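Trainee: The residues making up each chain are set out below.
Protein chains: 2
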Amino acid sequence: MSAGGHGSGVERRGLMFVLSSPSGAGKTTLSRLLIDKTSGLKMSVSATTRPMRPGEIDGRDYFFVDKSRFETMAKEGELLEWATVFDNRYGTPRVPVEAALSAGQDVLFDIDWQGTQQLKERAREDLVSVFVLPPTHDELERRLRIRAQDSDDVVRKRMSKAADEISHWPEYDYVIVNDDLAIAQEKIKAILDAERLRLTRQVGLSDFVRRLT
Amino acid sequence: MSAGGHGSGVERRGLMFVLSSPSGAGKTTLSRLLIDKTSGLKMSVSATTRPMRPGEIDGRDYFFVDKSRFETMAKEGELLEWATVFDNRYGTPRVPVEAALSAGQDVLFDIDWQGTQQLKERAREDLVSVFVLPPTHDELERRLRIRAQDSDDVVRKRMSKAADEISHWPEYDYVIVNDDLAIAQEKIKAILDAERLRLTRQVGLSDFVRRLT
Chain D
1341 MSAGGHGSGV ERRGLMFVLS SPSGAGKTTL SRLLIDKTSG LKMSVSATTR PMRPGEIDGR
1401 DYFFVDKSRF ETMAKEGELL EWATVFDNRY GTPRVPVEAA LSAGQDVLFD IDWQGTQQLK
1461 ERAREDLVSV FVLPPTHDEL ERRLRIRAQD SDDVVRKRMS KAADEISHWP EYDYVIVNDD
1521 LAIAQEKIKA ILDAERLRLT RQVGLSDFVR RLT
Chain A
1341 MSAGGHGSGV ERRGLMFVLS SPSGAGKTTL SRLLIDKTSG LKMSVSATTR PMRPGEIDGR
1401 DYFFVDKSRF ETMAKEGELL EWATVFDNRY GTPRVPVEAA LSAGQDVLFD IDWQGTQQLK
1461 ERAREDLVSV FVLPPTHDEL ERRLRIRAQD SDDVVRKRMS KAADEISHWP EYDYVIVNDD
1521 LAIAQEKIKA ILDAERLRLT RQVGLSDFVR RLT
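Read top to bottom, the protein sequences are chains D and A.
For the first sequence, the numbering used here begins at 1341 and goes up steadily by one.
For the second sequence, the numbering used here begins at 1341 and goes up steadily by one.
Honestly, the hints are just simulated from the structure, not real lab data.
Because the structure is a prediction, the values reported are computed rather than measured.
Keep in mind that the hints are not guaranteed to be accurate.
Which copy is meant is left open, so a pair is good if it fits within one copy or across any two.
[Stated by the list, open to error] Straight-line C-alpha distance at most 25 angstroms; calculated DSS-like pairs for lysine-lysine:
#: 1; residue 1: Lys1415; residue 2: Lys1501
#: 2; residue 1: Lys1460; residue 2: Lys1529
#: 3; residue 1: Lys1460; residue 2: Lys1415
#: 4; residue 1: Lys1497; residue 2: Lys1415
#: 5; residue 1: Lys1382; residue 2: Lys1460
#: 6; residue 1: Lys1460; residue 2: Lys1501
#: 7; residue 1: Lys1529; residue 2: Lys1382
#: 8; residue 1: Lys1501; residue 2: Lys1529
#: 9; residue 1: Lys1377; residue 2: Lys1529
#: 10; residue 1: Lys1407; residue 2: Lys1529
#: 11; residue 1: Lys1501; residue 2: Lys1382
Kindly produce the complete structure, drawing on both the sequences and the hints.
Mentor: So this is what it looks like as structure tokens:
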């Protein structure tokens, strides 16, 4: 049986599947749907220095570490990418990702363009990146105006942040427009299914072909 | 509306989708299924010097041309690839393919590794190539032993030809194992759907993003 569970008997190396988008484009919903409907795919769990919140579980939601441990991890190459958000640090531990890939499992990353660029530098061959766009300007604004009492100024700031994230679409392998959640979901699934069939991921092909002829 | 008919409003450039396999791997069946189930995809029609057979239609099954016309087409760069089989010549006319791609239509090619290599030299950016493998040695032999009265020698020759074709799998972008026709069909469809979402094919993305932000 293949490590990737393809049923074809060809051993497979896993891939790192990145979804990025501005907030309001539906990325988090799409990530959850993809995880639920796909075998052999797991969400990457980040390390963070922010305090654990009620209901969170260490190792499931995050790996909770203190600042000095985080510094050590970053310094010793134990993190694939990291960032600082409001004094808290977030990063992707390398070891669980490497273990998953070697076992033919794929790993899903819900990260922004900066995290994606860092991953690309460290793991180009294993990376597949997808950028999710909202369907229209008005729909993006509607989704960013979450509460009726949001001031125009707050919404303008959110739009500006979204525009900044969107400007990085040319750095991705694939771009999808999320105008219909079910269709967007199918498109993302097709990209993952196709990338699993790339020559470079099916590391057992030489052996398979040898048995064939 | 997009030329590619994606419904997302993003204009798309078509792609050249190549399926290759040894005979007996199910490629012709898979090609027909894909054409039937996919909008915006059409089969490439070859030019040939062989005589028209009863039931064939010029321009649908082949473009039937005489030898001197074929020579001129090859010499003047009107063919994307060509080959000689039993004194008859076969080739892919460039103009209909180029017209389809520009209109955001994809074109399917049912050709061998030599044709694929020629296409690659002439149109690398637009080409997506898939190699279809049979599931096992025994199944390949069973499919090549078409008639009960086939001699072992005939089957051996067919196996040897199949092994030669199979040896070219490393030159393709994707490899799928056809152990179940429905699953193989889904995999090929996923590859086509995913490739349509590649950044490089969605030529209208810059315009789309400009309207977004």
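Trainee: Determine for every hint whether it applies to the structure shown.
Mentor: Verification of the supplied hints:
1. Taking CA atoms no more than 25 angstroms apart as the test, Lys1415 paired with Lys1501 passes in neither setting, with 30 angstroms inside one copy and 56 angstroms between copies.
2. Proximity of Lys1460 and Lys1529 under a CA criterion of 25 angstroms is satisfied intra-copy only: 21 angstroms inside one chain copy versus 28 angstroms between copies.
3. For the homomeric pair Lys1460 and Lys1415, the shortest alpha-carbon distance inside one copy (19 angstroms) is at most 25 angstroms, but the shortest distance between copies (44 angstroms) is not.
4. Taking identical chains as interchangeable, the C-alpha atoms of Lys1497 and Lys1415 are never at most 25 angstroms apart, the minima being 34 angstroms within one chain and 61 angstroms between chains.
5. In the homo-oligomer, the alpha carbons of Lys1382 and Lys1460 lie at most 25 angstroms apart inside one protomer (19 angstroms), although the nearest pairing across protomers, at 36 angstroms, exceeds that limit.
6. Taking the shortest alpha-carbon separations for Lys1460 and Lys1501, only the intra-copy value of 23 angstroms comes in at or below 25 angstroms, while the best inter-copy value is 41 angstroms.
7. When the C-alpha separation of Lys1529 and Lys1382 is checked against a cutoff of 25 angstroms, the pair qualifies both within a copy, at 14 angstroms, and between copies, at 24 angstroms.
8. In this assembly of identical chains, the alpha carbons of Lys1501 and Lys1529 never lie at most 25 angstroms apart, being 28 angstroms within a copy and 36 angstroms across copies at closest.
9. Taking the shortest Cα distances, Lys1377 and Lys1529 sit within 25 angstroms of each other both inside one copy (9 angstroms) and across copies (18 angstroms).
10. When the C-alpha separation of Lys1407 and Lys1529 is checked against a cutoff of 25 angstroms, the pair qualifies neither within a copy, at 37 angstroms, nor between copies, at 47 angstroms.
11. Taking the shortest Cα distances, Lys1501 and Lys1382 never come within 25 angstroms of each other, neither inside one copy (29 angstroms) nor across copies (42 angstroms).
In summary, the numbered hints that this structure violates are 1, 4, 8, 10, 11.
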